[in-house]
Structures are given as C-alpha cells and as structure tokens.
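Participant: Going down the list, the protein sequences come from chains A and B. Those letters in the first sequence? Residues 1 to 299, per our numbering, in order. Those letters in the second sequence? Residues 300 to 535, per our numbering, in order.
Any given hint could be a false lead.
Non-contacting residues of chain A with respect to chain B, defined by C-beta distances greater than 10 Å in every case (computed) [said to hold, decoys possible]: (1) Asp70; (2) Ala71; (3) Gly78; (4) Lys98; (5) Trp159; (6) Lys201; (7) Gln207; (8) Arg211; (9) Val259; (10) Asn260.
Calculated pairs, DSS-like style, for lysine-lysine (alpha carbon to alpha carbon, straight line, at most 27 Å) [stated by the list, open to error]: (11) Lys484/B to Lys522/B; (12) Lys345/B to Lys314/B; (13) Lys298/A to Lys388/B; (14) Lys456/B to Lys298/A.
Just so you know, these hints were derived from the structure itself, not from any lab. This structure is a prediction, so every number in the text was calculated from the model and none was measured. From the three backbone atoms N, C-alpha and C, an ideal C-beta is built for every residue, glycine too.
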Amino acid sequence: MKKNTNSIWTHMRRSPYQTLAAILTMFLTFLLGGVFALTTGTSLSILRYFEGKPQLTVFFMEKAGKPEADALKITLEGTGKVASTKFVSKDDALAIYKEQNKNDPLLLEMVTADILPASLEVTAIDPRFLSELEPVIKKADGVEEVIFQKDVVDALLSWTNAIRIIGGTLAGLLAIDSLLIIMTVIGLKIAMKKEEIEILKLIGATQWYIRKPFVIEGGIYGIVGAFFAWLIMTILLLVFRSSLLSFLGAIPVIHALLVNPLSSVFLLSAFAFLGILCITGFLLGAIGSLITLARYIKF
Amino acid sequence: MIRFDHVSKDFGGSKPALSDISVEIPDGDFVFLIGPTGAGKSTLLKLIIRDLVPTEGLITVDNWDITTIPQSQIHQLRRHVRMVFQDFKLLMDRTISENIAVGMEVLGKPREEIEKGVHDVLELVELSDKSDVFPAQLSAGELQRIGIARAIVGGPKILLADEPTGNLDPETSDEIIDILKEVNKMGTTVIVVTHNATLVDKNKKRTITLKAGKLEHDEIKGKYHLTKRSHHEKEH
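With the rest of the complex left out, here is chain A (with noise of 0.2 Å):
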C-alpha cells in the first residue's frame, strides 16, 4: 500500500501541470455544482416552508374582526371545501410581528394592534378549490384583501426548477469536461508508462495490479478537487451567514443549520457534504481512469 501511494505522489509529482489541470477542472466542476446543490437545496427549504403555510390568508378592514371572521369562517366551512381556518386578532398579528423584528426596536416602535389587519388564515381540502372560494370570500363582509400563498410557492417552484435545471446542465457539462480531462491526463501517464506496463504484463501482473496506480490517481484528483470546493463553499457560508440568517433565517432548517457553526447540526452537515462531494470526486476520477485505462490497456 506504501509503495501504491509512494509511486502514485511519483506520478503526480513528476508532470505537475497536468496534476494541476486535472484538480483544477474538478475543483472548479465541484464548485459549481456543490453552489447549485445548495442553492437547489435552500430553494426546496423555502418551498416547503411556505407549502406548509396557509394557502389563503383573508386579511379584514381595519373597523372589522372577530364577529366578520366568524361569519366567513361559517360560510366557508359550509361549502365543504375548507380543511381548517384560523383567526389572526389584531392583538397575535402585532404579537407575529414583535417577535419578527425582536432584534429591531425602531421597528417596533410605531406600530400597535390597530395598524395592523386581522386575518383568516384558510386551507382548503384541495388546492384547486382556493379559486372556487375567493369569490365567496370577496362577497363577505369587512375582507379588504385576499393573497393567495400559492402565487408565492408557484414563483418559488418556477425559480427552483430553472435553479435545477440551469445548475444541473452547467454541472452537467462540467462533469463530462472533468472527465475528459482526467482521461487525457491519465491517457499521457499511460504513454509514459508504456514500458512498465508492458514489463509487467510479461511477468505476470493482473489487470487489476497494472491499473490500480492509475485508478487511484485519478480519484485523488477527484477528491483533492471536492475537497478544495467543499473548503471554499464553507468559507463562503460562514463568511455570508449573518447576512443568510437575516434574509432565510425564519425558515427553520435555514436557522438551525447557520444559527451556531460549531453546533453538531453545522458541523454534521457540513462534514455529510464533504462526504458526499469526496466520494463523487474519487468516482467521477476513478471512472474517467477506467475508461481510459480500458482503451490503452489490453491483454
């Protein structure tokens, strides 16, 4: 195993420039697609959190509340398309709103409970029956305004999935080009190696035995590379968390995960990541000495 690794470092350390080729384009696949897994990942975060909102929120007049609330809550339960309701008080919505700007009191200082609407928050059986109802809803009493969270969760998913797919073709790309680079590179140590190989092959050595040194080489460019990424997309995460818990801290897993960055939550994702990105780097590698090795190296 010693000697493996020995004759590997060799290999690596005699021809330099292709060495730093080859982890330069895994680095630089990693990067992009580790920043576009994460971006796709927060992206889900924002959508789940705001599918598990109400779907509807009734916002009432100023002069209007609870008595108006109650009428529609009866209304609407007697369509048979409402799953559950829940009446926001002037008095909870300042209460929400305190608690989201505890951190600044200039926020809080002008505003009180009369401001502030009362609501009803609705979620229907179906969501194809929010449509059916905002008629019903309108024609009530004391209702000002009608939004609708699905306007808020469509924008997300049609975001995510541009995320996806943009992220995911560029990654794409990459990856064939990591590969293909890896291939040329382990294609020249072959060459360089012609002799060895053909030595060996005479006195007996399996394939197996031959190809190992290259597999592995290209592997540790596919780890060397991931881990490099990983190192500069932590940097960058801790780098911008203030500025992230701010914008996506009300979403939970968000806050969990950047709340502490040396809680075990932080630390067991960022380690899990790092996992991840190190054993797809080594495979990528691995596979791109492989198909090389299966078109120079034949018994």
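Given the structure of chain A, go ahead and fit chain B onto it with the hints provided.
Facilitator: Relative to the frame of chain A, chain B by itself:
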C-alpha cells in the same frame, strides 16, 4: 512439459515465421535454441508465453492450451513461465531490490515473504550488496543477473531466456549461463536462445536448431551447427 504439435505462425509475409514445428520439452530440461536471425526463435518463445497466438497447430504448456487459454488466465501462465530479456527490461526508476520484488508483488505475496525471496535470489546471483542501487549504476552483466533474479523470484516452472548473453563479454556470458544452470538444477525448465556458439558447444545441452522457421536439428547433447557462412547468408 512444453509441447508444440505441428505449429505454424504466419505474420502475412512471404514466408511463415514458423512452419510445422513439433517438439516436446519435458520438465527440468535445459535447452539451447539456436538459429540465424529471423529463424523464428523469439517467435517461438513469444508463443510459449502467449504473447502471440499460433496460426496453426497446438501448443500446450503444462495444463494450459495456449491456443484456447482465456485472457483472464494469461497472467497465471506468465507467473508459471517467466522470461529473461536481452535488453534486461528493468524498471529504471526503482532500486534493484524493488525491481526483483515486483516479480513477487504481482503474485500477491506478503511483504515478509517478498523480502526473504528478494534476499535469497540476490544471494544466488551474487549481488546482495547492490540491493539499494538503481539499474543505471550497474554493468550489463549485473543487469542481466538482476533480470534473471526477477524472473526466478516467484519460483516459476519454466524460464525462457531470449539472448541473455547478447550484450555481454565471454566471461560474463559464462557466469550468466552458470546461473541459469543453477536455476535448472533447482528443477526449473530453462530454454536459452543464443547465437553464442562457444557457450552451446561448451555446455553440451539439448540443442534445438531453427532455420527459416523450420526445425533443422534437435539433439540431446547438441552443437552449434550454424557455420559463420550460413549465418551471414541468412542475415543478408
């Protein structure tokens, strides 16, 4: 036991490299294979290690049928039949002991066994003091001894030597043949391709003579039959 049964090898030239060769080499034999350049000696060795496939005929090496051996078993045949080359074919970036160790590493032997094996063969070829030097630091005679050491380190049943003395002076050539005879005494079948008439005549071993791809002589205590004239004619 190596058995050639009406074997021919044609590379598509005007004449076949080997034509209708039938010969048997029993276990433990020591054979000189002689013939002018282009007679088919190296082709015959390459057929034994399945570096080439015969055009016609049947070759068996112990339990292997060379004509039908699957790709996946060729490495096993080559562990059984090892080869020594005129140009040594050593790995120039590895030390002498590492070059020899490769011969056992490919067999998957444990480290301790490899170290002992390397030590033993280095003693046999009388180069124990050179274990940590690189091939570039050795003479041609020493390099050939290392080539032999690497070939025999795994304990092959058959040793093929393709002009092992081709680059060596007469005295060193004698030493190399002595080592090969020593290996043969340990039970290994040895086949030596050579152009060295003195060596053949002096050692009085079985001699197979090839000429233009055909078996010319096969004698128990043979002599170098090729005259300088016939050798010269063949080359031109």
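Participant: Now, for every hint given, state plainly whether the structure supports it.
Facilitator: Quick rundown of the hints versus the structure:
1. Listed as a non-interface residue, Asp70/A keeps its Cβ farther than 10 Å from every Cβ of chain B; the least gap is roughly 81 Å.
2. Separation of Ala71/A from chain B is adequate, the least Cβ-Cβ distance of about 83 Å exceeding the 10 Å criterion.
3. Interface exclusion of Gly78/A from chain B stands, the closest Cβ pair being 77 Å apart, more than 10 Å.
4. Against the 10 Å criterion, Lys98/A stays outside the reach of chain B, whose nearest CB is about 71 Å from its own CB.
5. Distance check for Trp159/A against chain B: the nearest CB is about 53 Å away, which clears 10 Å, and the non-interface claim stands.
6. For Lys201/A, the condition that its CB be more than 10 Å from all CB atoms of chain B is violated, with the nearest at approximately 8 Å.
7. Its beta-carbon lying about 8 Å from the closest one in chain B, Gln207/A breaks the requirement of being farther than 10 Å from that chain.
8. Distance check for Arg211/A against chain B: the nearest CB is about 12 Å away, which clears 10 Å, and the non-interface claim stands.
9. With a cut of 10 Å on Cβ distances, Val259/A stays outside the contact zone with chain B, its closest approach being about 51 Å.
10. Every C-beta of chain B lies more than 10 Å from that of Asn260/A, the closest at about 48 Å, which supports listing it as non-interface.
11. Our distance criterion of 27 Å between C-alpha atoms is met by Lys484/B and Lys522/B, whose separation comes to about 21 Å.
12. About 18 Å separates the Cα atoms of Lys345/B and Lys314/B, which keeps this hinted pair within 27 Å; it holds.
13. Proposed proximity of Lys298/A and Lys388/B is supported: the alpha carbons are some 19 Å apart, at most 27 Å.
14. A threshold of 27 Å between alpha carbons decides the hint, and for Lys456/B with Lys298/A the separation of about 26 Å falls inside it, so the pair holds.
Hints 6 and 7, counting from the list given before, are not met by this structure.
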